[in-house]
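The listed protein sequences derive, respectively, from chains Y and S.
Numbering-wise (this note's numbering), the first sequence opens with residue 58 and increments by one.
Numbering-wise (this note's numbering), the second sequence opens with residue 554 and increments by one.
I should point out that these hints are in silico values taken from the structure, not numbers from a laboratory.
The model shown is predicted, which means the values in this text are computed figures rather than measured ones.
Any given hint might turn out to be false.
Reference excerpt, derived from the structure (chain Y facing chain S, CB under 7 Å, subset only) [claimed, not checked]:
1. P92
2. E96
3. L99
4. M143
5. A285
Not everything, but these chain Y residues come out facing chain S in the computed CB check (under 8 Å) [stated by the list, open to error]:
6. S100
7. W142
8. F183
9. T271
10. E274
11. G293
C-beta: ideal position from N, C-alpha, C; glycine also.
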Amino acid sequence: MSKKMLYAIFGLLLALFPLASTASARLPIHLQLAPAEIEMGLSYQGVDLTISGKIPSNSEVLVRVTGKPEHQKLKKKGRALGLLWMNMGAVSIDNVPSVYLLYPSAALAEIEKNQPEQWRRLGMGFEALRDRVQILPADEDKEKIFGEFVKLKEDADLYGIERGAVHYQENGEGLKSFSCVAPLPSDLVPGEYTVEAMAVKDGTIAARGTTGITAAEIGVTAALASLAFNHGTLYGVLAVLVALMAGLFTGVVFNGSKGAH
Amino acid sequence: MWHMYLPIAGNSVNVLLILAMGGFVGLLSGIFGVGGGFLMTPLLIMLGIPPTVAAASDSNQIVGASTSGTLAHYRLGNVDFKMGFLLLIGGVAGGTAGVQLIKILRHMGNADFLIQITYVLMLGFVGSYMLMESLQSLRRTPEVAVAHQKDSVYARMINRLPWQTHFEKSGVSLSILMPLVLGVFVGILAAIMGVGGGFIMVPVMVYLLRMPMHVVVGTSLFQILFTCVDVTIMQAHSNHTVDFLLALLLLIGSTSGAQLGATISKHLKGDQLKVILASLVLVVMVKMSLDLLLKPHILLTVIGGH
Chain Y
58 MSKKMLYAIF GLLLALFPLA STASARLPIH LQLAPAEIEM GLSYQGVDLT ISGKIPSNSE
118 VLVRVTGKPE HQKLKKKGRA LGLLWMNMGA VSIDNVPSVY LLYPSAALAE IEKNQPEQWR
178 RLGMGFEALR DRVQILPADE DKEKIFGEFV KLKEDADLYG IERGAVHYQE NGEGLKSFSC
238 VAPLPSDLVP GEYTVEAMAV KDGTIAARGT TGITAAEIGV TAALASLAFN HGTLYGVLAV
298 LVALMAGLFT GVVFNGSKGA H
Chain S
554 MWHMYLPIAG NSVNVLLILA MGGFVGLLSG IFGVGGGFLM TPLLIMLGIP PTVAAASDSN
614 QIVGASTSGT LAHYRLGNVD FKMGFLLLIG GVAGGTAGVQ LIKILRHMGN ADFLIQITYV
674 LMLGFVGSYM LMESLQSLRR TPEVAVAHQK DSVYARMINR LPWQTHFEKS GVSLSILMPL
734 VLGVFVGILA AIMGVGGGFI MVPVMVYLLR MPMHVVVGTS LFQILFTCVD VTIMQAHSNH
794 TVDFLLALLL LIGSTSGAQL GATISKHLKG DQLKVILASL VLVVMVKMSL DLLLKPHILL
854 TVIGGH
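Let the hints inform the model, and build the full structure from the sequences given.
Now the structure itself:
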């Protein structure tokens, strides 16, 4: 091999090196969830979902848990006769996730607070979400309606931005481990949820990892829900019979303890 | 540890709290002959149960509490079955008409306004009238009370109605039209307000049917039992909103509470019962009025609960 050729190969390798490092940064983040599934049995009272993975050391992580987009119908409260607060008309919000929980690292939380322009470019948070949803009727004050909707969801612990929930551990090899605990509430609707982690570097998303988690009723709760939704009348009749029996049983027990009147 | 997940309500609740709430409302049910829906439903909503599930599951538990209460009052000789059946027939007819009326009103808009205003006005009217009348009655001597009743225009008017019959248990003679028509009236109001109607039925029996308070309590419970059987099956069939586990927890407390309530009721005078019930109705009325007058924390509500 000629000297010229060796220089050419060496030069090509040198040129490819930065590309290789970029490619490694864009490798998907592998996420681990604990528990891997959400089982909603009789003892279910919400779950603390631990989300962990590894990102390049020179980036910051943003974790997001979302539910499926849905069409949400709502009643608007207004003043009737200028005095009484009551339901006054309906609005609907389309393409809005049932759950939206965001966990920025401490450094990203600072950016959210102090550099709104940079934060907006990431497309995260309630303002970015507001831009993506459709509110009907179209002449409604989108900002006000969506603000109230977020309050409603925050009250149910289904929406939230939790700053400082992410913890890091240096891992060597240019990587660091992160973990964060997402408390999912007891009124979570059974279904599929998406968990994402994004590595943010220089204001842009440099790597991303996505996985899913299923929340499903199990055992007695699953059997009861299935009976209630698939055989409603039978379920109603059984519910009435049990209540009647309980009433009669208590009546007899009390009478037995007091003697006949 | 003491929590249980309710699959239809889609939420987890504290078991001890639900048992205690069931016991308290069952006690009131046994004492006053009301289903207690006007108290229980708001309490369940405060615990995070969707409103539609709270109302339907409460109907399910009232089946148990009113069975227990009716049985206890039957033993005490306080159930007028003849009057109860007539009121029930009227109530079912009125309830069906009321449901249709609500559909029309919803179509026209402003149904919510009418429902809330009717609720507050009925609670206010029933509570105030019952409170004033029973307080006066407690001060009055029995002779004056009898004379007062005999002279009333209302008494002369209802005596002229056709198909007069004697209701032995209540000790009154009335036209059978009276319980039928009043049953329709209460049924319509109950359907509009989405409640069992016990707190309207009790004053109707006392003041318009002139039944003795203790027989009113037993007969009202008997009638509520049938209404709630109907509502539970209808809600389970059409809306899937009955949470059986929630109802079961509530009725463990309420069936015992209802028995205890019937015993307490025996030791209280009719007018004393009326004063306490009227005060309770007025407290709920004030709470609902404040909800209407004070600006809510959030200006949106979800349609259809969960």
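Here's how the hints hold up against the structure:
1. Below 7 Å, beta-carbon pairs count as interface contacts, and P92/Y has none with chain S, the closest being about 15 Å; its hint is therefore violated.
2. Of the supplied interface hints, the one on E96/Y is violated, with its beta-carbon coming no nearer than about 10 Å to a beta-carbon of chain S, more than 7 Å.
3. Below 7 Å, beta-carbon pairs count as interface contacts, and L99/Y has one with chain S at about 6 Å; its hint therefore holds.
4. Because the beta carbon of M143/Y sits about 6 Å from the nearest beta carbon in chain S, less than 7 Å, this interface hint is met.
5. With a least beta-carbon distance of about 5 Å to chain S, the hint placing A285/Y at the interface is held under the 7 Å criterion.
6. At about 7 Å, the closest approach between the beta carbon of S100/Y and any beta carbon in chain S falls short of 8 Å, and the interface hint on this residue holds.
7. With its C-beta approaching chain S no nearer than about 6 Å, W142/Y sits inside the 8 Å limit, and its interface hint holds.
8. Checking F183/Y against chain S by beta carbon gives a least distance of about 15 Å; that is not within 8 Å, so the hint is violated.
9. Hint status for T271/Y: violated, given a least beta-carbon distance of 16 Å to chain S, over 8 Å.
10. The interface hint given for E274/Y holds, since its Cβ lies 5 Å from the closest Cβ of chain S, which is under the 8 Å cut-off.
11. Contact between G293/Y and chain S, as hinted, is supported at the beta carbon level, the nearest pair being about 3 Å apart and thus within 8 Å.
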